[in-house]
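Undergrad: Each chain, letter by letter, is given below.
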Amino acid sequence: MKRNGIFATIIATALFASCNQSSDKESGEDKLVIGATMLSMQNEFIVNVSDAMEAKAKEMGVELITVDAERSALKQVEQVESFISQGVDAIIMNPCEVEASSPAIKLAMDAKIPIINVNSETSAKPTAFVGSDDTESARIAMKYIAEKLGGKGNVLMMHGFMGQAAQIKRDNGAKEILKANRGLKLLAEQSGEWDRAKGMSLTENWIQSYGDKINAIFAQNDEMGMGAVKALEAAGLKNKVLVVSVDAIPDALQAVKKGTLDATVFQNAKEQGGKAIETAVKAAKKEAFEQEVLIPFRLVTKGNVEEFLK
Amino acid sequence: MNRFSKLGQYGIFLAFALICLVLAFSTPKFFTLSNLLIIGNQVSINALLAFGVTFVIITGGIDLSLGSMVAVAGVVAATFAHPDTYPLIVPLLVGLGAGSAIGAFNGLVTTKSKVPPFIVTLGTMTIGRGLALIFSKGRPISNLSDEFNFIGGGNIAGIPFPIIILILAFAVCSVVLNKTVLGRYIYAVGGNEPAALASGIRVSRVKMWVYTICGLLSGLGGILLTSRITTGQPNAGAGFELDAIAAAIIGGTSTSGGTGTMTGTLIGALLIGVISNSLDLLNVTSYYQQVVMGVIIIGAVVLDGIGKKD
Amino acid sequence: MSDYILRIKEVSKSFSGIKALDNIHFDLKKGEVHALMGENGAGKSTFMKILIGLVAPDSGEILLEGESLIGSNVNETLKKGISMIHQEILIIPELTVAQNIFLGRERAVSGKRGMLSGWLNDKEINQRGAVLLDKMGVNIAPNAKMKHLSVAQMQMVEIAKAISNNAKVIIMDEPTSAISDKEVATLFKIIHDLKAQGVSIIYISHKMDEIFRISDTITVLRDGKYVGTKSATELDQNALIAMMVGREIDRMFPETTQPVGQEVLSVQNLGRAGKFSNISFNVKAGEIVGLAGLMGAGRTEIARAIFGLDQWDEGEIMIKKIPLRARTPREAIDRGIGYVSEDRKGLGFIPQMSVKDNITLSSINYHRKGGFIDTHSEQSVTDKMIADLKIKTAGAGQQVTYLSGGNQQKVVIGRVLLASPELIILDEPTRGVDVGAKFEIYKLIRGLADQGMAIIMISSELPEILGLSDRILVLSKGKQTAMLSKAEATQELIMRYAVEG
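Chains as they are written, first to last, in the working numbering: chain U, 54 to 363; chain F, 981 to 1290; chain D, 14 to 514.
By construction, these hints were calculated from the structure, which means they are not laboratory data.
Heads up, a few of these hints could be off.
[Stated by the list, open to error] The calculated lysine-lysine pairs, modelled on DSS-like cross-linking and capped at a C-alpha distance of 25 angstroms, are: (1) Lys1159/F / Lys297/D; (2) Lys1117/F / Lys111/U; (3) Lys397/D / Lys1159/F; (4) Lys202/D / Lys148/D; (5) Lys1117/F / Lys109/U; (6) Lys1159/F / Lys251/U; (7) Lys1117/F / Lys323/U; (8) Lys291/U / Lys1117/F; (9) Lys456/D / Lys220/D; (10) Lys238/U / Lys1009/F; (11) Lys358/D / Lys405/D; (12) Lys222/U / Lys232/U; (13) Lys358/D / Lys1094/F; (14) Lys293/U / Lys232/U; (15) Lys1009/F / Lys293/U; (16) Lys128/U / Lys1117/F; (17) Lys43/D / Lys160/D; (18) Lys178/U / Lys339/U; (19) Lys323/U / Lys228/U; (20) Lys1094/F / Lys266/U; (21) Lys201/U / Lys128/U; (22) Lys1009/F / Lys251/U; (23) Lys288/D / Lys57/D; (24) Lys243/D / Lys288/D; (25) Lys205/U / Lys232/U; (26) Lys297/D / Lys136/D; (27) Lys195/D / Lys220/D.
Based on the provided sequences and hints, a complete structural model is requested.
TA: Take a look at the structure:
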């Protein structure tokens, strides 16, 4: 009985909340409503994109409802369904998975609501895509390594979660450059699951295995890269090993400034978030818009890091 | 405690020794002092959580909120650990306090409401994660003082500080479990709760204690993790509960309550750490690592079971 | 010769060097009920395990209708016609009666062949089940869910299963331990019918009167050895007990000459809604007050209320003139009350813990040095208690699970005593305890009273109540119907008051 009571309360609250939203919409009829579902609000980069979207929405005078898919594609599809039933004017999706999030695109298309993918892709083609090409980020990072090592040396690569779009693309980009530089040898590659502590442990273990042989580590994101830096510092090897990673999170920028992280690749969260809102608004108002907005990456090194530090 | 569980303990010890022996022959890098220290370092956080959850499991309970308590304690401690703000004791007390508070909350709800601890701690697992995100506003908290970073990164006479904490925690937990009245009551409550009550044991008080101790140790784990990666991360510790529970169970703690030892749990944690370290050393592909880890865990427990039967 | 269906000769079995069975003989005639008697630990269960093929004997011969059973596993002995009705009934609660009866033989009764035999045929199963139950004369619907049945009905289903397996020998292990008298009558009728059909029964029970009612022949084991086989008509209860314990028991109940002392417990108009009402009595130091009554009369409930395991609604409890309302057992223990529960496994001891840890569990608080347990003083009180109560254990470190029922009971009593109580409530203190140990427990209880403890003893065994109590409080349906003195109390009188109202 007690438990039923709790469930009833939860359901009632949920119903009330959804009623609330729809009535909001009716009262402010001329205001555009955009629904956004984000991969994970526990990821700093995504939070930055989301913040940029929020700021842009405010600036443009549209209402933005942001929900967290918590890395679950299923949840994401359900969230898009609920946006559709709420009758939003446009949807922005930051896809969890290439395939599994695709049904959401079809649902929105069928409901004739424009849907914009931000930051990463789905196999189904959305109304528009705003983001950057992950393959390119890895190319930039690996090119920097090749250049610094003079095209010769031993490289280790730290993957993200295996099978995720970003991991696959960054892997492809890095391998392209490795292939073009015969002098670079990939000693080992393992997953650090995008996580700093895991990246640190992995690097410690690598140091045990390869020790002095390591010339460079490419980490597919900054979190793991920072972990690698920590482990190398502890082993007294940092000045001998080049570490490059991707994303340019504030921590990484600080590290680049200090010289502990050699380089990171800046993915422009602000630009991605802003352009996503702009595109969504244009699409909702049936104005002309670009179907693919690619925000370029930039390599961040000690030389230009000041530009990126706010 | 008795002939049978002692034999069981030997079983898991044998399994552990066997695996170490195989690894020592597989790679010369495994059985070196520096690698063993690294394993000890990497194992320390999981072992702390596993000690905590061993207390809980012996009383017949379970705690799924370990990982979230790690995150909350880490984030809260980091907030007070910036250089030149508070003395070191403040972040330590705040971190330990945060963990203990959540643990005490688990204990309170479990004893007062009669809701099974699986459900209660599943709830606090989510609540804790949310709190960590709220405290940190979804972003890592970095720029921590050197003293704070010493806890997870420093060493005394060549021994990493986390290993020293691990040994101390192990000693204290073993003593509490084996030499104190509380320890005796913990076994009694898990062995037969109604009989423990009828024997005059204040069962609720014992449960409050174990969940609080578990929270305290998770808090310590959170401080250690934050210090190790020099940032307080709201998404840290996700999934840690599974490794910790696995360590306790591999070490012979029965999920039905009433049996278990700290030595067993320590070996369980070491086993998990050794496997993950050596799979990196042997450069086993990420995909296979997970399979191998699962197979070895099941194998160790099976071997343990054979030891118990004779 | 041929009238023996089962012949067992010189069967021995050792476990890690200890002889569990030593040269056992057992001959079973066609269509007889043969009781297997012995105290706990006499080797009955090992013997049964060997018979059904769960354990292989080290030596000896087992012949079922002249064919050796040595080397047969459980399934094979079942197919050859030996079925066992276990004490803990093994059923699947979510399946129906008929599905349970034919469990594992669905293919055989599906009426289909080849691949199709994998299809379940519940209609056929139900029909066959109905015929079977009808023949036994029991009224259970074959399509009823097992979980809705009473324990006795489940037993009938187990027996039906054995019959459907064409059992020639059915082993019944304590079949009446959890069923009512009326159900016992039904069971015995079925046993008679089975006999008439030529089925042989091996009957294991602790209950003497049953043994004499139902069995034709009695075989006694003691300490893993064969003591003898006698026709039931040759024996009486005392002779049988003598065979089982190896000595004559002339006086079960010790007498006392000690005078009673001050009042320890006083209960005034105690009531708990739906359980009992208006209960008033007192117990003095050195006195044993027996609580008699039928099941559900409220005896255990009163004990639980005094001990703080349950709350009560009205009245007053006083310990040495000072009121007590214990909300937890701890408070009752602190006021000098000890409780030995009828539910020994549930409320008595912690199975995984050692004799020592169990014995000191209620009083370990008093054996502390600094923050730690004073193992030295703990060990010495334990050793003393083991000696005082004559607990038979391999040592203080032995796990309680491995002790016999009587010794487990002594461990529980020891635990209660170490908390130095002034009032002890013993709820069915000899339940599941074998005859020899019963006698020791009686002596122990009287000894405690003689040392000045006030004792309340709840028991369903009237001889026990009559033999030990100084006064007897009789309850019926939650009400107090009589307080009898030792002199006036008889079995008939107690029963009359126990069914009154």
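Undergrad: Tell me the hint numbers this structure goes against, listed in increasing order.
TA: The structure conflicts with hints 1, 6, 8, 17, 19, 20, 21, 23, 24, 26, although it agrees with all the remaining ones.
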